[in-house]
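Each protein sequence line maps, in turn, to chains V and H.
When the letters of the first sequence are read in order and numbered with the numbering used here, they come out as residues 1 to 175.
When the letters of the second sequence are read in order and numbered with the numbering used here, they come out as residues 1001 to 1202.
I should point out that these hints are in silico values taken from the structure, not numbers from a laboratory.
Where a beta carbon is used, it is the ideal one built from N, C-alpha and C, also for glycine.
Treat each hint with caution, since some may be false.
[What the hints assert, rightly or not] Here are some chain V residues the structure puts well away from chain H; computed CB gaps all over 10 angstroms:
hint: 1; residue: L46
hint: 2; residue: P49
hint: 3; residue: T50
hint: 4; residue: L53
hint: 5; residue: N67
[To be verified] When the alpha-carbon atoms are kept at most 30 angstroms apart in a straight line, the in silico DSSO-like pairs for lysine-lysine are as follows:
hint: 6; chain 1: H; residue 1: K1036; chain 2: V; residue 2: K39
hint: 7; chain 1: H; residue 1: K1036; chain 2: H; residue 2: K1055
hint: 8; chain 1: H; residue 1: K1055; chain 2: V; residue 2: K39
hint: 9; chain 1: H; residue 1: K1029; chain 2: H; residue 2: K1055
hint: 10; chain 1: V; residue 1: K38; chain 2: H; residue 2: K1036
hint: 11; chain 1: H; residue 1: K1025; chain 2: V; residue 2: K38
hint: 12; chain 1: H; residue 1: K1132; chain 2: V; residue 2: K39
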Amino acid sequence: MQENEFEKKIRLRMDEFALTPTDEVWNNVAARLTSQKKKRRLLIYLLFPTLLLIGLGGWYVLDNNKNDKPLIVQTPNKANKGANVDASIDADSNTTTKQPLSNNNRSKSRNNSLPGTIIKDKPTAGSDLRKVTSTTKLQPGRATASKDVIKDQAGLKTFTNEQNSKEKPSFKGCG
Amino acid sequence: MQRQRIKLCQPSECNKMTDHSLLVKNCLKGKPAAQKQLYEEFAPLMLGVCYRYTKSLHDAEDVLQEGFVRVFKFLHQYNNEGELGGWIRRIMVNTALNYLKKSRKYQYDLLFDSTELHVVTSDDPEVLLHAKELAELVRQLPTGYQTIFNLHAIEGFSHVEIGQMLGISDNTSRSQYMRARQLLITWITNTTGSKNKVYARK
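Take these sequences, add in the hints, and give me the full structure.
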């Protein structure tokens, strides 16, 4: 092919083409080679102590982690069985909260309950979590023989159901 | 077109190869004498390569210097199978291409916008010029043409390979090569006819 012939001729000519570079080129190359050597040596000198430090650091951290592991002590199960849990339902949010029940807590929880509420307290273990406090609303017309003392939440006003029944207005005379 | 000329190993060349492998070994050991010997053996030819890709001798020497630094840096990657000269030449070509891409002087001329194809010329002029004269003509081509002509006609890379090297399509490479070839043929014909003509191109 003609195309190849032309390229062949050019290539043959170019293969023998050479020029002599100035001495400066080799001097620069040699200078860069020595600087690279120095860098490499410095890197090797720095690498060994760095690796040693990293190794020692790693070993120290691992060793400390081993010592810091918490000791697991198994306690006898009987102690856990005796623990009671008191639960109370928050009236607003309907959430149940568990509290460890000591005698003091139990008495406190009773004292904190609203006046006029009757707490049905079942001592069974299963029902502990679902204790329901039921309230009985006292209505004026439904006075019972027993004197129910009602206090408002602030505890300032007191009255009895008997009084309520007496205060009822009678309309017989008016007619 | 074949990529590189594969030469059969003749006795003298085999001796050369063993010499080269010994030279490479000594260079890898960091012996300055061996490094200088390697440089002195290949520098003139490699400067010729660098000269073809650049527009001035100073730039060519810059490329040569950078190229030899890379040669010594990556010499451990040379496996004694191929020709050492070919391996060094490849490094020089790559260094020259990088230089052209990085250098502001050459960047603008390396923009290849045209993708139109040109008719293949059938001219085959007698190349009676000396190597130096021919190299001068190649260097007078615009940088883009010059680079593609060097890569395709002299180094033997295909247009697909050139496209990958320069980040252009193979059609662009082909088109640019045809233009360069046509231009060079005209110049060669004119120069052969009247050697007194002066071609002033960047």
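Of the numbered hints stated earlier in the document, which are not met by this structure?
8, 9, 12
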